[in-house]
Structure formats: structure tokens, C-alpha cells
Amino acid sequence: MGKYNFIDIIQQKVNSILFRMVLLFYATIIIAGNENIFSLWVYVPLFFVYFVVYLILIGFSYGRLVNDSVFIVVVLFGKSPYDIYNFIFIILPIINSINFSGKKKSILLYVFTLIEFAIVYYSYSHSTLEFNRILKLFSLIVFLSIINWYSHLRAKVKMFREELFEVVDRFYLDKEQIKKPYKIYKKFIEVIHENIKNDLIQDLYCFSIRATSSERVIIINGTSFVWTYQFTQKDFLARLREKKTLFNEPVTIDDTQINKNLLIYINIDSNEYVFLFSLKKDIPIYYQLIGFFRTIEPPLSKMAQILLSERKLFEIKQDEIEKLSEKSQYVNRANNMMHFIRNRLSPFANLSKMLGNLSSIPDDKVDDFKKLLFEQNTRSQIELKNIIFRADDMLEKSKNPFFYKTLKDVSIEKTFTILKRSFSFYFPDEEIIVDIKPQSIRRNVKLNEEGFEIFISDWLNNVKKYKKSIIKCNFTANEHKLYISFFNDHFLPKEDIDQLLNDLKSNDRNEIIKRTTHGVFIIKSILDDMNITYDVLYENELIEFKIELNISENGNSNI
Amino acid sequence: MEIAIFENEYESVRFAFETANLMYFDNKIDFVIFPSSQSANHADFGSFKVIFIDIDLSSKSHHDGYSLIEKIVSTDINLKNRIVILTGNNKINESLISRGLNNLKIIIKPTDYEEISKSILSVVNSSRPL
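Those protein sequences? They're chains R and Z, same order as listed.
To convert, count from 1 in the first sequence and add 3; that's our numbering.
To convert, count from 1 in the second sequence and add 162; that's our numbering.
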């Protein structure tokens, strides 16, 4: 049951109680203003019994209907059915039923009303058969029933659309479907079939129109996989754009002619989509006349939006893959460079070994040995040039993708959002302690967003690995500076922690690069690249890593 | 004694081999250099006492170092003991194992003439007469 249905049911309950109040009130007026067959001692308990029975039968629509009818008949017993007030009392349930135009539509209501009229007619001693009056009264019932039927249809269509929307909405919640939008189509067809009580649709396909050099209709997906497809009429796009829906357009899918079909055109932000329903039989004329299939346009439009956002996500992913490939190429090049150097170091290794052994070479071999030594030295000089050339090439010519010196203005709010996202990922139970006074003007810090994200996740990842129980993060700002501090305890031995603190404080890059632990070198390089001041403190077994960013203001208040 | 060296950049190790030859083998070794594995298509591997094979990172040639080892071993399983791998790749053992090539002698570059001598001696001394 959807949200829409639930609210509707609550509203119906309130409506139902109010209606019974009206019935009781109206009955009081009728009894007070007419001569009554029964004494007041019959009517007073009747009111009471009627209401109690109503409360008992509140969940049974047919029971309520019988209860109402009995009540009306007893109140009107012996009174004139032609009296307009009495007659209105009889048809009150019909008037009220317009409010209950849910799925259940009961012809019984009309049958009961006629029976009530008949009983009251026969109970009234002065009744005469007056066709003229009966016709007038009954035409009212006919009109009411027409209104009733129409509002029922309207509610049915609305509910149908709501159900389809729910199918589409479920897409975002269901992990199974999130990468397979076409899975919705089957559910979509099911809901349509349930609502029209007709097994009409075979398959559903989605196409998009790509306005490249020549307009092309491209299959996106469908309930079944499509290898080949063709829309045979050349002007079909022009006609579709004009009419928005087309019936039985000649189309072949996987060499099968689909004779019975429905095409619906959707345009989202100038991205055009075509949904093709292949049908098992012709759409009944009735549905064609009332434009029933127009009602599925909004859910399809939402579907198209999903496909569009999928496409945009895919494009973003593609960009990321390209960036990643660039980075991995760089890493591979650096890796190959190391192997190249290893290979080229052989002459130096041999040269050094020869020099080391020179004094102990036997006399008969020393001349040849020296000759080889000089030749090895010449070769080493050549290799040295090779190595330097390759190293320069690597350092200068190839673009380092791990380079975070390009800074831009990032608002304090955005900075916090980036921090918060990472922090909650590593420590979902902890909160960042914020001390910032809201300001109307936009305040920025200079950051490279990617570098900042890598720094935070590198540091927090280490904290997560080495902390015992305490992790705290402060985010504070004064007029000129933004401070972000991370506090944590640890279970590392003293010498490790001393080393870590030394490395973090040290400016000797060569010293740090020798060690590989903690990724300290990367963290420091990134912060240095971004020109961010940092400090590390150690007190009461707590490590505090603190960064400091300069705040600049600009007049633009769009945060 | 003939020793085969499959090495496309022989110059970088040449003097280590020549010094080894001078110091430990009285220049009695003839080094036969194959700059590529294809150049040994018709070679008689059995005639070499030791076979040095360079394995670099790329596998540009159809017959890279690995395929060459497989080819030599397929001609005679005993030749496996005569193979010494020369490489700059310090993770070579993992790659060899993943290709089903275990228990091979390995020299990881950079190397020097003493290391070369030792590996030649160990092969020569351990190999059974064929």
C-alpha cells in the first residue's frame, strides 16, 4: 500500500463518521417535523443501536450499508416517500458515496436505495402511484450515479498513476535494480495489467533519439535484449514529435514485425526518448477514446529522467576512469623507471666490486684486470648519462597526476562537507565538534579539493588503524583562520610514535621517504602542495594533528 | 666451454662477465650472445654449459624470457639446471611460480663479476655429465 492510499483511507474514515453524524442529525429533524408511527421510545434507542452497530461494523462496507438502510427505513416508516426532505434522506448514502470512489464500486447501494423507497412507499397509507413524480425523483438518482461513475474513474486513473510512480521510485531503493533500470519495465507492465484487467502488453522498450549528424533512434534497453531493430517509416519521428503517441507504427525488432504497438514520446531537457509497447492485442477502443494511455506519460517521463541521470552518472564514471588510467600509467612508468635503473646499475656494482678487489688481484692478471676496470668505468659513465636522462624525463616531461598545487576558493561550508563525508565514513558514531559563527558573507579557503580529500582519508584511515578508543575532530574558525584538528589515542610502541612525530615535524624529505609507514610522506607532500600549515602535538598519550587554513572573504553570498 | 647469454642489453653486464672469465676461468669461456630469443631458433642448447636468460618487464617479443625457458626445458628437462635468470625485477620469483617455473637460479641486477662467477661455478659443478 502506497503513501497515497494510506492517507486516502484515513480521510475516508473521518468522512464516514461525519456522514453518520449527518444521518443522525437529519433523522432528528425528520422525526421532529413529521407525524411518527412509532413513539419516541422507539426512535431514541434506534439512534443508539444504529451508532453502536456502525462502530462494530466499521470495517465491513456491506454491513454498514445494511445498517444505514435499516435505520433510514425505520425513521421514514409510515412517512411519505414523495416528500422531498424524506426522499433526500433516502438518497443521502448515494450522495455521500461520491466521496468513496475507491476501487470498490457497489451496485448494491442503488439496489438498496430502491428497496428502501419501495418499503417506505408501501408503509405510507396515502401512497398513490404517481409516475410523473417517480420519474423526476429517479432521474436524480440516475444523474448522481453518472457523477459517481465518473469520479470513480478519475480516482482509479489517479491511483493507477500513483502506483506506476511507485514502481519507478522503487528503482532508487532496490539495490537489485539500481544498475538495471530495465527491470522496472516488467513491474510497470504488471501494474498496467492489474489496473486494466487485461493482458495487453507483451514487451516494453526504450529508445533515445540522438541528434548527431543524422538523427538516429538508439535502443537503450527493454524487457528483453534487442539485437536489431528498425522503424520502417521515414517520417515516423516527425509524426511522433507532433502527436506524442502513435498506434501500430511499423517496426521490426530482431527480425520480427511488431504489428500491434504503442509509441509514447517523452522529452526531458531536450533529451528525447521513445517508449515502445509491443502489444498482444489491439488497445480497446474504449481506452483509446478516453486517452487512458496518456496517463502513463508522467511515470514514463520520470523513467526517462532516471535513464538520463544514469547516462550522466556513466559519463562521470567514464571521466573518472580516464583520470584513473592516467594515474595508473604514471605509476607504471615510475615502476618501470625503477626497473630500468636497477638494470643500469650493474656496471656500477661491478665497478665497485672490481675496485674493492683491485689490491688482491694476482700479478699475472692485474694488467688485464685494470684494462677491464677502465672499460667498465667508461661504460658506467655512459650508463650514468642514461639514468640521469631517464630520471629527468620522468620528473619533468611526464605530467604528474598526483599534483595538488592547483588551488581554488572553496567555501568553509563545502570544506566542512568534504571533511564530514570522510569522517562519518571512517567513524560513523562520532560527531565533528564545530565552533563557527554563521556569517552572511561567503568565506573561502584555498584548497585543492581532491588533495584535501586524499589528505583527510589518508590520515583518518591511519587513525582508524592505530587508535585505541578516542577519536575527536574539531572544526573551528575565527575571523582569519580555519582550524581542523584530529585527536586520537593509539596502541603504538613509544619508538614508533616518536618516529611518527619526528617524521611529521621533519623537513627532511629524504629521511621520511626512506620509511614507508603511515603514508606520512604523502600526507606531508599533499599539504605542502596546497600550502597548508600543519602541526602535530603529543600530550597525555593523545596525538593531535592540526591544520590551519587562511580565510578570505568575498562579497558573493552564494554559499 | 661455451655459455649462452640471452640479453638485449649485454653492454650493461658485459664487463662483469668478462672479468669473471678472466678471474675464475682463465678466459676459457666463450660467451655466445643472443640479443633476442628469436636469434636462437636453431641453436643447440645442449652445447652450452650455462644459459643466462634475461627476463625484462615487457613481453614485446613473441618469445619472451619465459617462453624461451619453457622452450629450452621442453627440449630437455635436464637443461633446466643450466639456466640462470638475469633480471632487474625483484619480484621475479612470484612471476616464475605463477607460470609454473620453480627452482630456477636467479641473479637480480645490479650484479657484479663475483656473483656471475659463483652462479657459473654452481651450475658447472652441479650438472651431471650429459
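Everything labelled a hint here was simulated from the structure, so no lab data went into it.
Beta carbons are placed, not taken as given, at the ideal position from N, Cα and C, and that holds for glycine.
Do not rely on the hints blindly, as some may be mistaken.
[To be verified] Derived DSBU-like pairs: lysine-lysine, alpha-carbon spacing no greater than 30 Å straight-line:
(1) Lys-190/R / Lys-247/R
(2) Lys-267/Z / Lys-468/R
(3) Lys-373/R / Lys-280/Z
(4) Lys-356/R / Lys-280/Z
(5) Lys-253/Z / Lys-368/R
(6) Lys-200/R / Lys-16/R
(7) Lys-356/R / Lys-190/Z
(8) Lys-253/Z / Lys-374/R
(9) Lys-449/R / Lys-356/R
(10) Lys-237/R / Lys-283/R
(11) Lys-267/Z / Lys-280/Z
(12) Lys-320/R / Lys-200/R
(13) Lys-356/R / Lys-233/Z
(14) Lys-423/R / Lys-315/R
(15) Lys-326/R / Lys-253/Z
(16) Lys-253/Z / Lys-373/R
(17) Lys-484/R / Lys-408/R
[What the hints assert, rightly or not] So the derived label-pair ranges between C-beta atoms look like this:
(18) Ile-385/R / Ser-284/Z: 53 to 59 Å
(19) Ile-270/Z / Tyr-175/R: 50 to 56 Å
(20) Ser-328/R / Ile-195/Z: 47 to 53 Å
(21) Leu-387/R / Ser-284/Z: 30 to 36 Å
(22) Ile-195/Z / Asp-501/R: 52 to 58 Å
(23) Asp-322/R / Val-235/Z: 28 to 34 Å
(24) Ser-284/Z / Phe-428/R: 52 to 58 Å
(25) Ile-270/Z / Pro-404/R: 50 to 56 Å
(26) Ser-363/R / Lys-242/Z: 52 to 58 Å
(27) Ser-509/R / Ile-270/Z: 40 to 46 Å
(28) Lys-242/Z / Ile-385/R: 46 to 52 Å
(29) Phe-377/R / Ile-195/Z: 20 to 26 Å
(30) Lys-242/Z / Glu-399/R: 20 to 26 Å
Going down the list of hints, with the structure as the test:
As the CA atoms of Lys-190/R and Lys-247/R are separated by approximately 23 Å, the hinted pair is consistent with the 30 Å bound. The suggested pairing of Lys-267/Z with Lys-468/R is violated, with an alpha-carbon distance near 40 Å, which exceeds 30 Å. Proposed proximity of Lys-373/R and Lys-280/Z is supported: the alpha carbons are some 21 Å apart, at most 30 Å. Taking the CA atoms of Lys-356/R and Lys-280/Z, the gap is about 14 Å. The hint holds against a cut of 30 Å.
As the CA atoms of Lys-253/Z and Lys-368/R are separated by approximately 37 Å, the hinted pair breaks the 30 Å bound. With a C-alpha separation of about 28 Å, the suggested pairing of Lys-200/R with Lys-16/R holds against the 30 Å cut-off. For the proposed pair Lys-356/R and Lys-190/Z, the alpha carbon gap of about 22 Å is at most 30 Å, so the pair holds. Of the supplied pair hints, the one linking Lys-253/Z and Lys-374/R is violated, its CA atoms being roughly 35 Å apart against a limit of 30 Å.
Between Lys-449/R and Lys-356/R the alpha-carbon distance is near 53 Å, which puts this suggested pair outside the 30 Å criterion. With a CA separation close to 25 Å, the supplied pair Lys-237/R and Lys-283/R stays within the 30 Å bound. In summary, the hint linking Lys-267/Z to Lys-280/Z is supported, as the alpha carbons are separated by about 11 Å, within the 30 Å threshold. In summary, the hint linking Lys-320/R to Lys-200/R is not supported, as the alpha carbons are separated by about 42 Å, beyond the 30 Å threshold.
At roughly 35 Å between alpha-carbon atoms, Lys-356/R and Lys-233/Z are farther apart than 30 Å, so this suggested pair is violated. A C-alpha spacing of about 25 Å is found between Lys-423/R and Lys-315/R, which places the hinted pair at or below 30 Å, so the restraint holds. Taking the CA atoms of Lys-326/R and Lys-253/Z, the gap is near 28 Å; set against the 30 Å cutoff, the hint holds. Between Lys-253/Z and Lys-373/R the CA atoms are separated by roughly 35 Å; this puts the pair beyond 30 Å, and the hint is violated.
A distance of roughly 20 Å separates the Cα atoms of Lys-484/R and Lys-408/R; the hinted pair therefore holds under the 30 Å criterion. Hint check: Ile-385/R to Ser-284/Z, Cβ distance near 31 Å, so the stated range 53 to 59 Å is violated. Evaluation of the 50 to 56 Å hint for Ile-270/Z and Tyr-175/R yields a pass: the beta carbon distance comes to about 54 Å. Here the CB-CB span from Ser-328/R to Ile-195/Z is close to 38 Å, at odds with the stated 47 to 53 Å.
Separated by about 32 Å at the C-beta atoms, Leu-387/R and Ser-284/Z satisfy the suggested range of 30 to 36 Å. Separated by about 53 Å at the C-beta atoms, Ile-195/Z and Asp-501/R satisfy the suggested range of 52 to 58 Å. Between Asp-322/R and Val-235/Z the Cβ separation comes to about 47 Å, which falls outside the hinted range of 28 to 34 Å. A hinted range of 52 to 58 Å for the beta carbons of Ser-284/Z and Phe-428/R is consistent with their spacing of about 54 Å.
As the Cβ distance of Ile-270/Z to Pro-404/R is approximately 30 Å, the hint placing it in 50 to 56 Å is violated. Our hint of 52 to 58 Å for Ser-363/R and Lys-242/Z is violated, since their Cβ atoms are close to 35 Å apart. Judged by the Cβ atoms, the range 40 to 46 Å given for Ser-509/R and Ile-270/Z is violated: they are separated by roughly 32 Å. Lys-242/Z and Ile-385/R have their C-beta atoms about 35 Å apart, which leaves the hinted 46 to 52 Å range violated.
Take Phe-377/R and Ile-195/Z: their Cβ atoms lie about 22 Å apart, and the range 20 to 26 Å holds. Range check, Lys-242/Z to Glu-399/R: Cβ separation about 45 Å, and the 20 to 26 Å hint is violated.
Violated hints, listed in ascending order, are 2, 5, 8, 9, 12, 13, 16, 18, 20, 23, 25, 26, 27, 28, 30; each of the other numbered hints is respected by the structure.
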